[in-house]
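All chains should be modelled from the sequences, with the hints used to inform the complete structure.
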Amino acid sequence: MNRITLDQQSAWLAKRKQELGLSGRDYVPANGGARRTAAKRALLEKLAEINRISTRALRFVARY
Amino acid sequence: MSEFRKEFVEALELLARAFERVVQNGYSRPVLVGGAAVEFYTGGAVVSGDFDIVTQAEEALGQALLAEGFRREDRPGWLLRGYYHPELALGVEIVGRALFEGQADESRVLIVQVTPEAAVALAPVEDLIADRMGQFASTASGVGEMLEQAIRLLQLAPWVDEEYLNRRIATETADAYDLRYLREKVKERTR
Numbered sequence: 003m004n005r006i007t008l009d010q011q012s013a014w015l016a017k018r019k020q021e022l023g024l025s026g027r028d029y030v031p032a033n034g035g036a037r038r039t040a041a042k043r044a045l046l047e048k049l050a051e052i053n054r055i056s057t058r059a060l061r062f063v064a065r066y
Numbered sequence: 010m011s012e013f014r015k016e017f018v019e020a021l022e023l024l025a026r027a028f029e030r031v032v033q034n035g036y037s038r039p040v041l042v043g044g045a046a047v048e049f050y051t052g053g054a055v056v057s058g059d060f061d062i063v064t065q066a067e068e069a070l071g072q073a074l075l076a077e078g079f080r081r082e083d084r085p086g087w088l089l090r091g092y093y094h095p096e097l098a099l100g101v102e103i104v105g106r107a108l109f110e111g112q113a114d115e116s117r118v119l120i121v122q123v124t125p126e127a128a129v130a131l132a133p134v135e136d137l138i139a140d141r142m143g144q145f146a147s148t149a150s151g152v153g154e155m156l157e158q159a160i161r162l163l164q165l166a167p168w169v170d171e172e173y174l175n176r177r178i179a180t181e182t183a184d185a186y187d188l189r190y191l192r193e194k195v196k197e198r199t200r
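Just so you know, the protein sequences line up as chains H and X, in that order. The first sequence maps to residues 3 to 66 in our numbering. The second sequence maps to residues 10 to 200 in our numbering.
The hints are simulated quantities; they were obtained by calculation from the structure and are not laboratory data. All clues stand as given, with none of them false.
Capping the alpha-carbon separation at 25 Å, the derived lysine-lysine pairs in BS3-like fashion look like this:
# : chain 1 : residue 1 : chain 2 : residue 2
1 : X       : 196       : H       : 17
2 : X       : 194       : H       : 17
3 : H       : 48        : X       : 15
4 : H       : 17        : X       : 15
5 : H       : 19        : X       : 15
6 : X       : 194       : H       : 19
7 : H       : 19        : X       : 196
Keep in mind that this is a model prediction, so the values were computed, not measured.
Have a look at this one:
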């Protein structure tokens, strides 16, 4: 198995993105969700509900 | 500055601790697949909604997640494969027992040391690219966002085993596509 640290991966990505002229985050479309299972939809609904009521600044806010 | 969003790193730290518990109990380290693995390999070019995990130690991982503050998605009528963290709004789903239905070479799994004490395992980038190509090929018109993800994964990978990747794309797309096709799409993006 190959091994890497999070910092090593971050440094590689920063260098490679600069070469490619890429910057920022979230510029590639995520899964459109058309083929989500019922279990996945239920989990994502739960997360959306938590996001609506949470006051924690650093929470996992993601696209649903 | 890290290429990863803070909440993504925080989530990886939490999962790494849970994965260590599973390993300490004598099981193989669970493996991240799906969108979260794509977010890792692309440094957030794709932002994921939750964490999909493959493991043969479903019960041990479930216990480890509960110990880290997760709760089980236990509403009646739903499969008990989902877990959520009530403070972080973080979701985890155990999606299977074998990596890409046993098609992936598990010796290629990437171990990512998240903290000095804890690591997560990620699906090999070649298998993620092939999986995206498979989803792209799943409709007659092609699922555009999946091709786009495959292109970015290939562009941002430090190295890929081309023979393995070509074989896996062929498998996942029922021989409809190959690495040459994907390389051509990457070239189109850089012209």
